[in-house]
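K.L.:
Build out the structure end to end from the sequences listed, making use of the hints.
Here are the chains, one letter per residue:
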Amino acid sequence: MDHTAEKELERVAKLAGLSVEGKEKEILLSDLSRITEYMERITTLDTSSVKDAGSNAASEASCGTRDSLREDIAVQSELPQTILRGAPASDGSSFAVPKTVE
Amino acid sequence: MEKEELFSLPAYALAEAVQNQKVTAEEALDAVFQRIEERESDLHAYISTRKEAAQIEARNLKMQGKLSGVPVAIKDNLMLSGEKTTCGSKMLQEYVAPYTATCVRKLQDSGCVIVGKTNMDEFGMGVSTETSFFGATSHPKAPSFVPGGSSGGAAAAVASGEAWAAVGTDTGGSIRQPAAFCGLVGLRPTYGTISRHGLVAFASSMDIAGPITRSVKDSALFFNVMHGQDPKDQTSVPSDDVSLDQIEQYSVKGKRIGVLRELLESKDVDEEVSQAVRGVMDFYERSGAVVEMVDMSLLDHAVAIYYVLSSAEASSNLARYDGVRYGFRAEGCRNPDELYTKTRSEGFGLEVKRRILLGNYVLSSEHFEDCFRQAERAREMMRREFSHAFSKYDLLLSPVSATTAPHKGKAAADPLASYLSDLCTVPASLAGIPAISVPCGQSRSGMPIGVQLMADRFGEQEILGAARVLEREYYSETDIAGKGASSDGGI
Numbered sequence: 001m002d003h004t005a006e007k008e009l010e011r012v013a014k015l016a017g018l019s020v021e022g023k024e025k026e027i028l029l030s031d032l033s034r035i036t037e038y039m040e041r042i043t044t045l046d047t048s049s050v051k052d053a054g055s056n057a058a059s060e061a062s063c064g065t066r067d068s069l070r071e072d073i074a075v076q077s078e079l080p081q082t083i084l085r086g087a088p089a090s091d092g093s094s095f096a097v098p099k100t101v102e
Numbered sequence: 001m002e003k004e005e006l007f008s009l010p011a012y013a014l015a016e017a018v019q020n021q022k023v024t025a026e027e028a029l030d031a032v033f034q035r036i037e038e039r040e041s042d043l044h045a046y047i048s049t050r051k052e053a054a055q056i057e058a059r060n061l062k063m064q065g066k067l068s069g070v071p072v073a074i075k076d077n078l079m080l081s082g083e084k085t086t087c088g089s090k091m092l093q094e095y096v097a098p099y100t101a102t103c104v105r106k107l108q109d110s111g112c113v114i115v116g117k118t119n120m121d122e123f124g125m126g127v128s129t130e131t132s133f134f135g136a137t138s139h140p141k142a143p144s145f146v147p148g149g150s151s152g153g154a155a156a157a158v159a160s161g162e163a164w165a166a167v168g169t170d171t172g173g174s175i176r177q178p179a180a181f182c183g184l185v186g187l188r189p190t191y192g193t194i195s196r197h198g199l200v201a202f203a204s205s206m207d208i209a210g211p212i213t214r215s216v217k218d219s220a221l222f223f224n225v226m227h228g229q230d231p232k233d234q235t236s237v238p239s240d241d242v243s244l245d246q247i248e249q250y251s252v253k254g255k256r257i258g259v260l261r262e263l264l265e266s267k268d269v270d271e272e273v274s275q276a277v278r279g280v281m282d283f284y285e286r287s288g289a290v291v292e293m294v295d296m297s298l299l300d301h302a303v304a305i306y307y308v309l310s311s312a313e314a315s316s317n318l319a320r321y322d323g324v325r326y327g328f329r330a331e332g333c334r335n336p337d338e339l340y341t342k343t344r345s346e347g348f349g350l351e352v353k354r355r356i357l358l359g360n361y362v363l364s365s366e367h368f369e370d371c372f373r374q375a376e377r378a379r380e381m382m383r384r385e386f387s388h389a390f391s392k393y394d395l396l397l398s399p400v401s402a403t404t405a406p407h408k409g410k411a412a413a414d415p416l417a418s419y420l421s422d423l424c425t426v427p428a429s430l431a432g433i434p435a436i437s438v439p440c441g442q443s444r445s446g447m448p449i450g451v452q453l454m455a456d457r458f459g460e461q462e463i464l465g466a467a468r469v470l471e472r473e474y475y476s477e478t479d480i481a482g483k484g485a486s487s488d489g490g491i
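In order, the protein sequence lines correspond to chains A and R. Position one of the first sequence corresponds to residue 1 (this note's numbering), numbered consecutively onward. Position one of the second sequence corresponds to residue 1 (this note's numbering), numbered consecutively onward.
There may be inaccurate statements among the hints.
[Claimed, not checked] Here are the simulated distance ranges between beta carbons:
(1) A/S49 <-> R/S41: 52 to 60 Å
(2) A/H3 <-> R/R261: 38 to 46 Å
(3) R/Q234 <-> A/T43: 26 to 34 Å
(4) R/Q19 <-> A/K14: 21 to 29 Å
(5) R/G82 <-> A/H3: 47 to 55 Å
(6) R/E292 <-> A/P80: 55 to 63 Å
(7) A/I73 <-> R/F368: 46 to 54 Å
(8) A/V101 <-> R/D268: 30 to 38 Å
(9) R/D295 <-> A/E24: 48 to 56 Å
(10) A/E24 <-> R/H407: 21 to 29 Å
(11) A/K25 <-> R/E248: 52 to 60 Å
[Unchecked claim] Computed cross-link-like contacts, DSS-like style, restricted to lysine-lysine with a CA-CA straight-line distance of at most 27 Å:
(12) R/K408 <-> A/K25
(13) A/K14 <-> R/K410
(14) R/K90 <-> A/K14
(15) A/K23 <-> R/K342
(16) A/K25 <-> R/K90
(17) A/K99 <-> R/K90
(18) R/K392 <-> A/K25
(19) R/K342 <-> A/K99
(20) R/K342 <-> A/K7
(21) R/K392 <-> A/K51
(22) R/K66 <-> A/K23
(23) A/K23 <-> R/K392
(24) A/K23 <-> R/K51
Treat the hints as calculated values from the structure; they're not laboratory data. Every residue, glycine too, gets a C-beta built ideally from N, C-alpha and C.
P.N.:
This is the structure we're talking about:
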């Protein structure tokens with residue numbers, strides 16, 4: 001197993017909030033190096049004709065419009081209670097999580 | 001009405017028959033559930049069905065809707081209030097939708113009866129419906145083959161008569177490719193024309209819902225029902241209805257059609273697929289269109305650009321699954337960090353983890369500029385290339401997929417090869433333009449082949465018109481009818 005690639009996988013997994021181990025780690029190590037190598041072919045493209053890339057360019061490319069704004073109007077919603085019912089644990093009015101302070 | 005006659009009706013004709021009281025919505029629904037009983041144990045097109053609720057809805061149906069009494073399946077990443085919405089993932093196995101997606105509500109308002117939620121690759125990440133936590137869907141024509149993905153359950157349901165039509169979602173080809181594999185019509189509308197409110201996010205700048213139907217007219221009708229700006233989706237845009245009359249009267253005479261050379265002549269495209277697409281090119285030329293090859297150099301990079309951007313967006317969107325707010329939570333966690341990591345590691349499948357890791361890789365400070373920003377700039381260049389092409393051509397044409405439906409197990413064996421199989425569908429996703437997959441032939445072994453038509457933004461009328469010409473005139477020439485789709489949408 002390539003030690004540098006393994007370290008890189010562990011670093012990215014930490015950023016992603018994932019833990020990869022055993023057989024899964026072996027598979028991912030082998031796949032990801034091939035996939036990232038393929039993706040990196042775009043680094044050789046001459047993109048200097050696009051000056052203002054970023055969220056606006058991406059937004060316009062996909063939407064054809066810039067973000068639009070609407071009036072900020074407060075409305076009553078029953079959703080909070082419904083949404084809490086979808087949580088794995090709640091105390092009736094809030095999401096419940098394991099203790100954060102010892 | 002006899003069952004055979006009933007099944008021969010396309011969705012628009014079924015709605016008319018329901019309105020004219022020649023058949024009831026309950027009879028149509030019963031026919032679908034009978035088909036589900038006969039075939040579902042082999043197909044596994046659905047993750048969940050809702051027979052009792054659908055029967056009540058069919059009984060109390062409003063008769064004036066454009067799609068009165070049409071039994072429709074929806075992909076399991078679209079919310080339907082009170083029903084499970086799993087996205088094909090263990091993470092959302094028990095998650096119940098608290099509201100209904102805008103596009104699904106519009107279908108219900110038009111008289112559709114929702115049959116159930118269809119199987120899909122986990123969170124839409126896959127090309128075969130095999131990454132679903134709930135197991136693979138089989139191709140309706142051959143059980144050892146896949147129906148495509150990620151909307152494979154939706155396509156299999158429609159092709160087998162387990163639904164009259166379905167709503168899929170398309171990020172990089174997830175409507176068009178399964179439609180092509182199953183001999184159906186799959187429409188990816190212009191980005192923003194159909195609200196994403198209630199569609200569980202994968203890559204927000206490319207995600208869109210769209211119909212998978214047996215006929216082009218059904219596709220147009222579903223688009224008319226589903227589209228429209230929505231205050232609950234800031235990226236939604238206003239758009240016009242397509243005219244069903246104009247689609248019927250459409251002629252390709254004098255139209256300029258560009259064929260994307262890099263896609264048609266790619267070494268990855270099977271000879272049978274290439275020949276079927278060339279058959280369509282010849283047909284359009286005989287019908288009076290000017291058909292020319294077009295070079296678009298960036299197409300060679302489309303898959304790489306797509307996977308950088310879609311993985312980056314996915315890694316951000318899927319950060320919300322933390323074991324706190326939705327669905328699955330790992331057991332025995334002693335602190336929030338452990339809760340977060342353990343929940344995600346146990347809740348996501350391998351393909352989703354792969355994409356999240358890729359996304360974090362391209363967004364990390366070392367690669368942000370040369371990968372992510374570079375892909376954004378390349379996407380803008382591709383959009384300009386398409387814009388330039390549409391200044392010369394009314395339509396662009398290509399295969400939908402390089403191959404016909406593959407055997408089960410092939411996609412998982414080589415993830416990079418499965419990513420590369422998206423080469424024909426991701427360009428339209430990146431450009432935000434409408435694209436349609438229409439049946440155009442079949443392989444020697446009888447598996448359907450599709451052709452893709454693309455138009456400039458808001459060009460649904462153009463692609464649906466050209467697709468209808470193909471369906472009406474080319475099918476009778478080539479005898480596609482009876483072997484896959486038929487010329488009027490019956491099965």
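K.L.:
Taking only the CA atoms, is the gap from R/K392 to A/K25 under or equal to 27 Å?
P.N.:
Cα-Cα ~49 Å, so violated.
K.L.:
Need the status of pair A/K99, R/K90: alpha-carbon distance at most 27 Å?
P.N.:
25 Å, holds
K.L.:
Against the 27 Å threshold, does the CA-CA distance of R/K90 and A/K14 hold or violate the hint?
P.N.:
Between R/K90 and A/K14 the Cα gap is close to 21 Å, so the pair holds against 27 Å.
K.L.:
Need the status of pair R/K66, A/K23: alpha-carbon distance at most 27 Å?
P.N.:
52 Å, violated
K.L.:
Taking only the CA atoms, is the gap from A/K23 to R/K51 under or equal to 27 Å?
P.N.:
Outside the cut-off at roughly 41 Å; violated.
K.L.:
Take the C-alpha atoms of A/K23 and R/K392, compute the straight-line distance between them, and say whether it is at most 27 Å.
P.N.:
Violated, because 52 Å separates the two Cα atoms, which is more than 27 Å.
K.L.:
Does the hinted range 55 to 63 Å hold for R/E292 and A/P80 at CB?
P.N.:
Since R/E292 and A/P80 have Cβ atoms about 57 Å apart, the given range 55 to 63 Å holds.
K.L.:
Okay, A/V101 versus R/D268 on CB: inside 30 to 38 Å?
P.N.:
For A/V101 and R/D268 the Cβ distance comes to about 56 Å; the hint is violated.
K.L.:
Could you say whether the range 52 to 60 Å given as a hint is met by the Cβ separation of A/S49 and R/S41?
P.N.:
55 Å, holds
K.L.:
Please test the hint of 48 to 56 Å on the beta carbon pair from R/D295 and A/E24.
P.N.:
42 Å, violated
K.L.:
Falls inside 21 to 29 Å, the C-beta gap from R/Q19 to A/K14?
P.N.:
Distance hint for R/Q19, A/K14 is violated at roughly 59 Å.
K.L.:
Taking the CB of A/H3 and the CB of R/R261, does the distance hold inside 38 to 46 Å?
P.N.:
44 Å, holds
Hints 4, 7, 8, 9, 13, 18, 22, 23 and 24 from the earlier list are contradicted by this structure; the remaining hints agree with it.
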